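Mind docking chain B on chain A? Use the hints.
So you can see what is in the structure, the chains are spelled out below.
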Amino acid sequence: MSRSGRRVTLAVLVLAAAPGTLRAAPALAPRQVVQSADTLNGCLSCHAEQRRAATEGVHAQQGVTCTTCHGGNPRARALPEAHTGRFIGAPGKEATAQLCGSCHSDPGRMREYGLPTGQLAEFRASRHGQLLLGQHDQNAPTCTDCHGTHIIYPPYDARSRVYPMNIPGTCAACHSDGDLMRGYQLPTDQLDQFRQSAHGVALFQQQNFAAPTCASCHGAHSELPPTVTEIANVCGQCHALVEQQFGKGPHGAAARAGDMEGCLGCHSNHGTERVPIDSTSATCDNCHAADTRLHQMGVDLQRRLTQARSDMESAQRALQTLSVAGERTGDYRFSYQSALTYYGQIAQKQHSLDLDTLDYLNARVRSVSVELDARAEASNESDWEHKLLLLPVWFLTLSAVALAWLLLRALSGAGGRADEPEA
Amino acid sequence: MKSMWAAVRQWAGRSWTDLKASTDASLLTALRFVGLLYGRIDHRLPIGQSFRKALRYRLSRHAGWKHALGGITYLLLIMLVVTGVLLSFYYRPSAEEAYASIQHIVSGARLGWLMRGLHLWAANLIVVAALAHMARVFFGAAYKPPRETNWLVGLLLLFTVLAFGATGYLLPWDQGAYWTVTEGLDVTARTPIVGGLLASILRGDPIVSGATLSRFFAFHVIVLPWVALGLLGLHFGLVRKHGIAPPAGADDDAGSEAPRDDPEGVPFYPNHLMRSLAVAVVVVAIAATAAAVYPRPVGAPADPSRPPEVLMSTWIVADVSRALVYYTDGWGPAALALLGLLLALLPLFDRRPERALRRRPVMAGLGAIFLAAVIVAWVAGWRLRFEPVSASGELTPYQQQPAVAQPGQPLPQLPLPSGAPDQPGAVPDSAGGGA
Chain A
863 MSRSGRRVTL AVLVLAAAPG TLRAAPALAP RQVVQSADTL NGCLSCHAEQ RRAATEGVHA
923 QQGVTCTTCH GGNPRARALP EAHTGRFIGA PGKEATAQLC GSCHSDPGRM REYGLPTGQL
983 AEFRASRHGQ LLLGQHDQNA PTCTDCHGTH IIYPPYDARS RVYPMNIPGT CAACHSDGDL
1043 MRGYQLPTDQ LDQFRQSAHG VALFQQQNFA APTCASCHGA HSELPPTVTE IANVCGQCHA
1103 LVEQQFGKGP HGAAARAGDM EGCLGCHSNH GTERVPIDST SATCDNCHAA DTRLHQMGVD
1163 LQRRLTQARS DMESAQRALQ TLSVAGERTG DYRFSYQSAL TYYGQIAQKQ HSLDLDTLDY
1223 LNARVRSVSV ELDARAEASN ESDWEHKLLL LPVWFLTLSA VALAWLLLRA LSGAGGRADE
1283 PEA
Chain B
14 MKSMWAAVRQ WAGRSWTDLK ASTDASLLTA LRFVGLLYGR IDHRLPIGQS FRKALRYRLS
74 RHAGWKHALG GITYLLLIML VVTGVLLSFY YRPSAEEAYA SIQHIVSGAR LGWLMRGLHL
134 WAANLIVVAA LAHMARVFFG AAYKPPRETN WLVGLLLLFT VLAFGATGYL LPWDQGAYWT
194 VTEGLDVTAR TPIVGGLLAS ILRGDPIVSG ATLSRFFAFH VIVLPWVALG LLGLHFGLVR
254 KHGIAPPAGA DDDAGSEAPR DDPEGVPFYP NHLMRSLAVA VVVVAIAATA AAVYPRPVGA
314 PADPSRPPEV LMSTWIVADV SRALVYYTDG WGPAALALLG LLLALLPLFD RRPERALRRR
374 PVMAGLGAIF LAAVIVAWVA GWRLRFEPVS ASGELTPYQQ QPAVAQPGQP LPQLPLPSGA
434 PDQPGAVPDS AGGGA
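So the protein lines, in turn, are chains A and B.
Start counting at 1 in the first sequence, then tack on 862, and there's your number in this note's numbering.
Start counting at 1 in the second sequence, then tack on 13, and there's your number in this note's numbering.
Each hint should be verified, as a subset may be incorrect.
Here are some chain B residues pointing at chain A (derived, C-beta under 7 Å) [as the list claims (entries may be wrong)]:
#1 Ser120
#2 Met287
#3 Val294
Okay, the calculated beta carbon distance ranges per label pair [as the list claims (entries may be wrong)]:
#4 A:Glu1135 <-> B:Val98: 56 to 66 Å
#5 B:Glu322 <-> A:Ala1064: 17 to 27 Å
#6 A:Leu1103 <-> B:Arg203: 51 to 61 Å
#7 A:Ala1264 <-> B:Ile91: 21 to 31 Å
#8 A:Leu1251 <-> B:Val392: 27 to 37 Å
#9 A:Leu1251 <-> B:Glu322: 31 to 41 Å
#10 B:Pro219 <-> A:Met1043: 57 to 67 Å
#11 A:Gln924 <-> B:Glu322: 42 to 52 Å
Treat the hints as calculated values from the structure; they're not laboratory data.
The structure presented is a predicted model; accordingly, all values stated were derived computationally and were not measured.
Positions of the beta carbon are idealized from the N, C-alpha and C atoms, including for glycine.
For reference, chain A alone in the conformation it holds in the complex (with noise of 0.2 Å):
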């Protein structure tokens, strides 16, 4: 074949693959549904202002549209025909709930997605679907009120409702208003202590997602308030070794027999934070009379995580002072976070009220603090005797300058100079 016949053809193969190529591109396109649907769904013709669903939001990605939910004929541009067929209008918050159940409760369609299928059950058990579907009470939330109605986002989008950080925000919105709370004898200042929490400090401040939301504890769909017997497990779901220890001691075996808010008894529930050590006898003393055995051990408690604190402290400041004084602190360091180690799990044992343990524990932490200690005391010592280097330094410096003082008042008395020094 010549040069130009070879080039002919090359152009009509190109020619040929073009129209191909042009078709095939839109067919690739993502979300092609969902573009077409904002111009030929008929219902956002007259309803414009809901747009952005037909779009936006998990239901839209997935192609749920309009007649999904409310029915109707979207093939239709005007009344009455759109608004024919299984046409349901605006549901209320009792069948709101069960037309969500209608999918979501469906093994079948949510195997796709990988959810779970239990919401509608679930919040038939809790205390918001009692409210709502036993006692219709039209002051309780249903599906729509948390994950918003009509533009609905998966609850790792930032933009959710159900986003954790946005959760407590979400659940404020009923549960602070004072009056909507005061016909439940419900108190309205759960986020104010929650944000003041170690919990609310990890989550907004530190933006730390395993720090529990209001429905880690409470539960998504069945949120109740836990029991007085149930206290000690929810916090022990995260607090594994706490609880353990808990457990194990006298407080734990009350809290067994609902004798004992479990973890209530010396923590708050919204406003968690730690009992300060040096508050750890008076809290106590909330239950215990200042005159009995067990007063006493508050105060046993005390002296020991007192003790633990302070050697801790000091071990600290050793490696302070061993650092800047340029020792190699490895060594030290590997003994320190022992020691850091023994220190967090008094922490924990203490649940126990086990003193013996506490006692043991409190050696190990002393022990390497008094190693420390020694070691810091050591490179004191060594300061101190560099500063004993400058008695020879300063009493040879000064014979050296008396010396030439002398020596120089001597020439001086000679006459101004020493022309010659004697032979």
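Using the frame of chain A, we list chain B on its own:
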């Protein structure tokens, strides 16, 4: 055996003869006893003779205590060389080993702490001594022709000393060193035209790293010492050539060239040497005292990912610039720097023969203003360091004393009873950069 005994007797006899023949009994004899250098060899090479000549050299009778400042500067330089060589026996100029080797010098090597302390304090004192020496030359009009060349050489020496300080600052490879140099190079990079190139040459890497450390080390121990040696040779050679400048109060027409070997002058030995000895031992003792009483703490190891909370340059510069920035809002530092530059350059163009201070009102006035401004700003900055200025009565971080050792990498926070130290895991990580 017999011949050996005879040889020894012969040697002793000749030494005794030499001793008796010597006119400078004390020192030269001592030197002669140290070795055989001045025995047989001395008969062939006139070493003893040249020594004798040097010792008998007569300085101008105006040479007094205030002329010791230059000598002190030189002595401090010698101390820096000696301690620097001793430090380099142990120091390892790499990002991995530098910090650990400093730890070893301070806590492991025998008298390493003293060598480091002396090196550090001599480096600080040499700047003071050099500036004092310059002030003496400035106010004493010792820079007037024909000595203006030596003023220029002295200026170059001052810059060399400052360059020594700047390059030596990085070598400990701790947080303060790392971030101060980072800041310094960033400032350098903003210098118009040459700044970017200069900074990137000095840095050798996008950030301060081991490459930078190698460069700074090379400048500190290879390049700058040779530069200093050359300039010092020139400086001393010019001093020998021109002699000591006539006193400020002398007649203006007394002639700028002092007589080479003033018969009325003071002999170098023993008068001047005794004086120098007294000054020298005091300077060494002061440096040793500072090293023992104010040892430089070993900071946290350099961490390129975590700038320290407070970063402050050490020493007088910090106080002076703090006061100037605080009270004059920026133009103060610029004005003071310009005045300093002017004062440094003026002597190169001041060719009038007057020497007495009151006959040079402009120079004396400018100098006095500069001196007073520095001292006032220094004192004010020092006071400012402890004075709360914010409405809440708290010291701003800029005003606070730099923390001795910034906490190193904080350990993960473990569950601790509250009331524990703020960050129980935050302990200076001294082994971080270690071997």
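Original post:
When you take the CB atoms of B:Glu322 and A:Ala1064, is the distance between them in 17 to 27 Å?
Top reply: holds (23 Å)
**OP:** For A:Leu1251 and B:Glu322, compare the CB-CB distance with the range 31 to 41 Å and indicate the outcome.
**Re:** Since A:Leu1251 and B:Glu322 have Cβ atoms about 35 Å apart, the given range 31 to 41 Å holds.
Original post:
Does the hinted range 51 to 61 Å hold for A:Leu1103 and B:Arg203 at CB?
Top reply: For A:Leu1103 and B:Arg203 the Cβ distance comes to about 55 Å; the hint holds.
Original post:
Given a hinted range of 42 to 52 Å, is it respected by the beta-carbon distance of A:Gln924 and B:Glu322?
Top reply: holds (49 Å)
**OP:** Starting from the hint 56 to 66 Å, judge whether the C-beta atoms of A:Glu1135 and B:Val98 obey it.
**Re:** Taking Cβ atoms as reference, A:Glu1135 and B:Val98 lie about 59 Å apart, which means the hint holds.
**OP:** So, B:Met287 near chain A? Judge it on the closest CB pair being under 7 Å.
**Re:** holds (4 Å)
Original post:
Do the Cβ positions of A:Ala1264 and B:Ile91 conform to the proposed distance bound of 21 to 31 Å?
Top reply: holds (24 Å)
Original post:
When you take the CB atoms of B:Pro219 and A:Met1043, is the distance between them in 57 to 67 Å?
Top reply: With a Cβ separation near 58 Å, B:Pro219 and A:Met1043 satisfy 57 to 67 Å, so the hint holds.
Original post:
With 7 Å as the cut and Cβ atoms as the points, is B:Ser120 at the interface with chain A?
Top reply: holds (5 Å)
Original post:
Per the hint of 27 to 37 Å, is the separation of the Cβ atoms of A:Leu1251 and B:Val392 within bounds?
Top reply: With Cβ atoms ~33 Å apart, the hint holds.
Original post:
Does B:Val294 meet its interface restraint, that is, does its C-beta lie within less than 7 Å of any C-beta in chain A?
Top reply: holds (5 Å)
This entry satisfies every hint, going by the numbered hints stated previously.
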